[in-house]
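Chains as they are written, first to last, in my numbering: chain A, 2 to 232; chain B, 4 to 286.
Because the hints were derived from the structure by calculation, they are not lab data. We put the CB at the ideal spot given by N, CA and C, even for glycine. Some clues are possibly wrong.
[What the hints assert, rightly or not] Calculated cross-link-like contacts (lysine-lysine; reagent style DSBU-like; alpha-carbon spacing at most 30 Å):
1. Lys132/A with Lys35/B
2. Lys256/B with Lys129/B
3. Lys123/B with Lys256/B
4. Lys226/A with Lys197/A
5. Lys197/A with Lys173/A
6. Lys35/B with Lys68/A
[What the hints assert, rightly or not] Covered by chain B, per the in silico footprint, the following chain A stretches (three or more residues, Cβ under 8 Å):
7. 75-81
8. 85-98
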Amino acid sequence: MLEVDNIFVNYGQSQVLRGLSLRVDPGEVVAVMGRNGAGKTTMMRAIMGLTPARAGRVVFKGGDITKSPTHRIARLGVGYVPQGRRVFPSLTVREHLEVAAGPGSGAGWSLARVVDLFPNLGERLGQSGAKLSGGEQQMLAAGRALVANPALILMDEPTEGLAPLMVRELGKLVGALKQAGTPVLLVEQQLTFVLKYADRVHIVSKGRVEHCCSPAELAADADVKSRYLGV
Amino acid sequence: MIWVIHTLNGVSLGMLLFLLAAGLSLIYGLMKILNLTHGSYYLLGAYIGSTVIQTTGSWALALVVAPLIVAALGAVMERFFLRRFHLDELPQTLLTFGFLFIIGDVCLWIWGGDPILLPKPALFAKSIDLGGLSYPEYRLALIAAGLAVAAALWWFQERTRIGAMLRAGVDDAETARAMGIDVSLLFTLVFAVGAFLAALGGVLGGPIIGASPGADFDVMLLAFVVVIVGGLGSLRGALVGGLLIGLLDNFGKIFFPEFALFTIFVPMAVILSFRPTGLFGRA
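If we strip away everything but chain A, and leave its shape as in the complex, we get (with noise of 0.2 Å):
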């Protein structure tokens, strides 16, 4: 589904990814874990094509999107919630589930669905993206990506600073988008979330893979919990 192989990114003089590779098959939840700075948002914005690769290969479907352009690497089918969320003041609830809408990969969300899933954002779509709490938002940022019926889906910290109840919310999604087959990469710092709904987990540091994992072999594994997680 996605190959990352061997990617390369610099940020001026700095050196953020070295030679990052992984994999994401179907219908997979692969979590990608690492302390701050280890490189797994640039390796997320690398794969969108919003801080392309230096040198080596982003595969999605079959095709190369290392150097494609991020619209049409979207359109194409991988759908991102990025870090903070990053939803648009200028732009209604509503506004947000249209503007981004397609039938994609016929996974069948929409709007109706979205709202389905989150109650929450069915009372405020009339309202601003910028008037919701920090929950509510990032609600908005996961359906927003969801109507556009992505063949696969980048979240970046999707849990960050939200409260343990939006957490579980967040939660149902992830399974109910394993459940529908649609894979996920999913940068998390959460432990016990990433124990709970990923298939395989990498750990990242210092710009490349370091480890790799099932969640079970890194539940037991105090050295690497504590050696790149510091847990």
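For chain A, the structure is supplied; the task is to place chain B on it using the hints.
What follows is chain B alone, placed relative to chain A:
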């Protein structure tokens, strides 16, 4: 009654300024380009309009043809020149500055150096009686046209899907792209619409302000003041700023004719010192 007339004069000038500033503001809001060619779109609109009226005798045709030609020019400028320097301010500014001179010289070459005034359309060529004073219908028609354009732009921006994409692009171009919105196509569209509106201002303002070498600079300066006062990137700011500057300019010329520009720039400085982003601008 004379004050009503002065006010109407100010409002009709304000509507023209709105047409000029709206595009300038949209272009800056979305692309962060300070388009110094904007006054040239006005000038081209007025000149092309005058030629169309002379050759075909149709005012209505001029009102459509001139803005469309200038819109095409705006699209070409964006697509083939400015695009190469996205978010690179100095080359962009120099490029639009260069176009300002080139278009100014081309106009001088084609239409000569004598100032021209477009004829008024026959439909609104008369004057009406306003409490004993006669007032040109054309100015009233201008106010109506400005309001109609403002309403159409508002509808486009707030009620259409492309309008929502545009607002998303202004808010956060990067995230808009990641949602599959082709922001670079919006850039071309906005440049074309901005040029269209300025040229429309050129045809509509032709019978009042006219066209002459150097009018491109004057118009650009006023449009910048309007946009700075109203707030960059805001249509509402362009409308309110246009009306404010139109009235200030008009009354300034009546009360302090020797300080004509002063009455525009002092209020601008005052507004900026209290609201650095302009009346409706966002930080």
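Quick rundown of the hints versus the structure:
1. Of the supplied pair hints, the one linking Lys132/A and Lys35/B holds, its CA atoms being roughly 26 Å apart against a limit of 30 Å.
2. Using a Cα cut-off of 30 Å, the hinted pair Lys256/B and Lys129/B holds, with the two alpha carbons roughly 25 Å apart.
3. Restraint check for Lys123/B and Lys256/B: satisfied, since their Cα atoms lie roughly 24 Å apart, inside the 30 Å limit.
4. For the hint pairing Lys226/A with Lys197/A, the CA-to-CA distance comes to about 16 Å; that is within 30 Å, so the pair holds.
5. The suggested pairing of Lys197/A with Lys173/A holds, with an alpha-carbon distance near 11 Å, which does not exceed 30 Å.
6. Of the pairs offered as hints, the one joining Lys35/B and Lys68/A holds, with about 24 Å between alpha carbons and a cut-off of 30 Å not exceeded.
7. Figure legend: the stretch 75-81 of chain A, annotated as covered by chain B; annotation consistent (3 residues with Cβ-Cβ distances under 8 Å, at least 3 required).
8. As drawn, the stretch 85-98 of chain A meets chain B at 6 residues by the rule of a beta-carbon pair under 8 Å; at three or more, the given contact holds.
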